[in-house]
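Asks: All chains, please: the whole structure from these sequences, using the hints.
Listed below, chain by chain, are the residues.
2 protein chains.
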Amino acid sequence: MTEPLPEDLWPDVKPDAARRLMAAAIDSFASRGYHATTTRDIANAAGMSPAALYVHFPSKAAVLSAISRSGHEQALEMVRDVVVNTPEPVEAIRLVTQKFVAWHAKRHRVARVVQYQLQALPEEDYRVVADLRRRTEQLVRDVISDGVRAGVFAVPDVRTAARAVLSLGIDVARWYTDGGKPAPVALGRQYADLVMSMLGAKIR
Amino acid sequence: MTEPLPEDLWPDVKPDAARRLMAAAIDSFASRGYHATTTRDIANAAGMSPAALYVHFPSKAAVLSAISRSGHEQALEMVRDVVVNTPEPVEAIRLVTQKFVAWHAKRHRVARVVQYQLQALPEEDYRVVADLRRRTEQLVRDVISDGVRAGVFAVPDVRTAARAVLSLGIDVARWYTDGGKPAPVALGRQYADLVMSMLGAKIR
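Residue numbers (the numbering used here), protein chains in the order written: chain A, 1 to 204; chain B, 1 to 204.
Derived by calculation from the structure, the hints in this document are not laboratory data. Among the hints, a few may not be true.
Copies of the same chain are indistinguishable here, so a pair counts whether it falls within one copy or spans any two.
As the list claims (entries may be wrong) - List of simulated lysine to any residue pairs, SDA-like, C-alpha gap at most 20 Å:
(1) Lys202 to Pro156
(2) Lys99 to Asn85
(3) Lys181 to Arg134
(4) Lys99 to Pro184
(5) Lys99 to Met196
(6) Lys202 to Ala154
(7) Lys99 to Gly180
Replies: Structure follows, in structure tokens:
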């Protein structure tokens, strides 16, 4: 059950003990639920003392916030990176969908905490995360709008279309399991094809 | 915050006290999380004593199971009803999407418990619910297959396409809020249009 700790999961989080605590928290939240998890549960799962946890995080909510902020920052960064480097709207949405879906499949346990525990965030962290979400959604919406104007997408409502694209990716975290088929990257490609049809993409 | 108790929510559940307890449980799970909710919390929220709760449900898990089974039975019933009465695959998937999306928007609080608390179900109830889910998904898959054979749908992978249709509906429960726009029925129509494009539907 323990989430492996690849370097790319929380590249900005230092030291390693903090990353280990975040990974342990994901396991504890998954098995007990956020509300019933204690800081002691998290520390135990990371092989540390509760006192050692407090060196890195003032509270259980702070661990949740770190996981949630990091996940949302990575999502925004990924979308922005694609958009900046892919001027053609059809290709941009294809890449965003592929990567967004693959991430939610590969990191489904992390993603469940990131996507489904928003209401447990402290108010200030919630505002930060809500802002990251808005910016991510706005980027996707802008690309779809550009595509509609350029005549390469045809959708009745850009806002709903953008929401549907992200929704398809997020919901993968709900049902995907370890060793699931198709594998994350292949699933990303299948969903990208579906999204291309959904947006009426003109593929040259 | 209290979920209204319209007649159509749990039409089969009798007496009214049991339905009131299920509604109270949904509020309690939403605010505290399932694991941190006690039977006392649920009874209090329903304006009853814990002893009165035990008349209707042997445990907190039994309340969750009743909510989850009822929600999944309704979903299967709705899909089956559409499929039986709508021989044309394109029209059938359009109607299923409309109704499935509208339900997840209108009943977003109930739907969150139904869709996101599966791992907390007792094993036997989980098996029942998993079977209901499989049958619902199979019906959608069969209709899409029929449509592909009839040349009115064009999808690269029927299983992934069926999953995406249901995924779009389920994820609405995650983000929809009371008084959300578009209203549930209008959102159902918008999503049905997107699904028609996604499945490459030939509309006569």
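Asks: Up to 20 Å between alpha-carbons, please classify Lys99 paired with Pro184: within, between, both or neither.
Replies: within (9 Å within a copy, 30 Å between copies)
Asks: Please work out whether the CA atoms of Lys99 and Gly180 approach to 20 Å or closer within one copy, between two copies, in both situations, or in neither?
Replies: within (17 Å within a copy, 29 Å between copies)
Asks: When no copy is named, should Lys202 and Ala154 be tagged within, between, both, or neither for a Cα gap of at most 20 Å?
Replies: both (9 Å within a copy, 16 Å between copies)
Asks: Between the shortest in-copy and the shortest cross-copy C-alpha distance, which are at most 20 Å for Lys181 and Arg134: within, between, both, or neither?
Replies: Only across copies: Lys181 and Arg134 sit 16 Å apart there, 31 Å inside one copy, limit 20 Å.
Asks: First find the shortest C-alpha distance between Lys99 and Asn85 inside one copy, then the shortest across copies, and answer within, between, both or neither for a cut-off of 20 Å.
Replies: within (14 Å within a copy, 39 Å between copies)
Asks: I want to check one pair: Lys202 and Pro156. Are their C-alpha atoms no more than 20 Å apart within a copy, between two copies, both, or neither?
Replies: both (16 Å within a copy, 17 Å between copies)
Asks: Since the copies are identical, ignore which copy is meant and state whether Lys99 and Met196 lie within 20 Å (CA to CA) inside a copy, between copies, both or neither.
Replies: within (14 Å within a copy, 24 Å between copies)
Hint compliance for this structure: every hint is met.
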